[in-house]
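**Q** What follows is the residue order along each chain.
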Amino acid sequence: MFANPNGALSITIFAPKSVNIKTPADLAGKRIGITRATLEEATVPKMAPPGTNIVWFDEIASTIQALLSGQVDAASMSGFAEKTVTDANPDKQFETKLLVTTAYYGAAVRPGDIELLRWIDTWVFLNTQNGVLADIYKKYTGLELPPLPRF
Amino acid sequence: VNYAFHFNVVLDHLPELLDGAWLTIRLSAMAMAIGLALAVLCAYGKTAGPRPVRWLISAYVELIRNTPFIVQMFFVYFGLPSLGLRLSAMAAAVLAMIINLTAYAIEIVRAGIEAVPVGQREAARAFGLRPSLVFGLVVLPQALGNVYPALVSQIVITMLESAVVSQIAVVDLTHVADFVQSRNFRAFETYLVITAVYLILAVLLRRLLARGGRRLLAGRAA
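Chains as they are written, first to last, in the numbering used here: chain A, 1 to 151; chain B, 1001 to 1222.
Treat the hints with care, since some could be wrong.
Said to hold, decoys possible - Computed from the model, here is a short list of chain B residues facing chain A with C-beta under 8 Å:
1) Tyr1077
2) Phe1078
3) Pro1081
4) Gly1084
5) Arg1086
6) Gln1167
7) Asp1178
8) Phe1179
9) Ser1182
10) Asn1184
Said to hold, decoys possible - Pulled from the structure, derived: some chain A residues nowhere near chain B, Cβ distances all over 12 Å:
11) Ala103
12) Leu117
13) Asn130
Everything labelled a hint here was simulated from the structure, so no lab data went into it. We put the CB at the ideal spot given by N, CA and C, even for glycine.
Could you build the full structure based on these sequences and the hints that come with them?
**A** In structure tokens:
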């Protein structure tokens, strides 16, 4: 059983400012670096139009290195990783081009443990309302917490 | 052992795996053709060239033989763009393989050249052959014959080592296998299949080169 989400992870496509990507259709003819066996691998090929040159790397370090060295025009990874790469390389002027998907994460509890589930849901509700979750998210990821769905 | 094999989930990807194997073959063939030609040239330079040339070739051989192939390849693919030379993944992979194979092959061919008795060279010269013909017609065929098995081994090693080019997004046999096993979570079966494919490729390559060598070197190859 899952509690209501208390955080989110966005997959983005980002590239240097000079690269012209405004809609998914602009991906055609470009080399997009993604890491194998990740959320971006499961989502990016679905949104990419035919003619997109998807370049698969085995680990994220290679994907980042390919972007930095210009071996790919753009890369896709989590918003957290994007921010780390962007902040560490201000000269490259990276910017987010497309939001691919947003995945929400929440706590899992043992099946039948309704009491704990209620407690967590209440905690998440309260701390979403009073902004504590957003502050925590901002503090540790440097990003704004997207609106969280309630189930 | 209580493991149920499921090869059908791997064989579903057979077309991709064959494409990957074909790319591995093409990569190896290009590296072999260019690498061997360069190796013969450099081995000649190392045995008969002027001192700076000999020194330069030695430095190259030492540098490449004492560093890992994957690092050389990363240097070509990720490093050279910083110096303004951006190669595609495929070109970077071929270049790295050529650089690597050439260094090893130079030493092998050089050993072969030095094993040719001096009398052969002297006799050829006494016949009035030009130095280039002495090397090309008399020394080189014997030299290659001397070390042919070692050269074949090195070529096979290069083909097998090409598996690491999957790390720079070249869709070779290993890259396809990595992809397949990340989809079906059947790592054991997937890698077992490509192990068999590599084994077959290596055996065929050895046979092919042994046969080709016998013809090319007119019976001198062991």
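**Q** Does each hint fit the structure? Answer for all of them.
**A** Results of checking the hints against the structure:
Taking 8 Å as the C-beta contact cut-off toward chain A, the hint placing Tyr1077 (chain B) at the interface holds, the least distance being around 7 Å. Taking 8 Å as the C-beta cut-off, the interface hint given for Phe1078 (chain B) holds, the closest approach to chain A being about 5 Å. Evaluation of the Pro1081 (chain B) hint against chain A yields a held restraint, the C-beta minimum of about 4 Å falling below 8 Å. About 10 Å separates the beta-carbon of Gly1084 (chain B) from the nearest beta-carbon of chain A, more than 8 Å, and the hint is not met.
At about 6 Å, the closest approach between the beta carbon of Arg1086 (chain B) and any beta carbon in chain A falls short of 8 Å, and the interface hint on this residue holds. With its C-beta approaching chain A no nearer than about 6 Å, Gln1167 (chain B) sits inside the 8 Å limit, and its interface hint holds. Hint status for Asp1178 (chain B): holds, given a least beta-carbon distance of 6 Å to chain A, under 8 Å. The interface hint given for Phe1179 (chain B) holds, since its Cβ lies 6 Å from the closest Cβ of chain A, which is under the 8 Å cut-off.
Because the closest C-beta pair between Ser1182 (chain B) and chain A is about 4 Å apart, less than 8 Å, the hint holds. Because the beta carbon of Asn1184 (chain B) sits about 11 Å from the nearest beta carbon in chain A, more than 8 Å, this interface hint is broken. Listed as a non-interface residue, Ala103 (chain A) keeps its Cβ farther than 12 Å from every Cβ of chain B; the least gap is roughly 18 Å. Residue-level check passed: Leu117 (chain A) sits 30 Å from the nearest beta carbon of chain B, beyond 12 Å.
No Cβ of chain B comes within 12 Å of the Cβ of Asn130 (chain A); the nearest lies about 41 Å off, and the non-interface call holds.
Hints 4 and 10, counting from the list given before, are not met by this structure.
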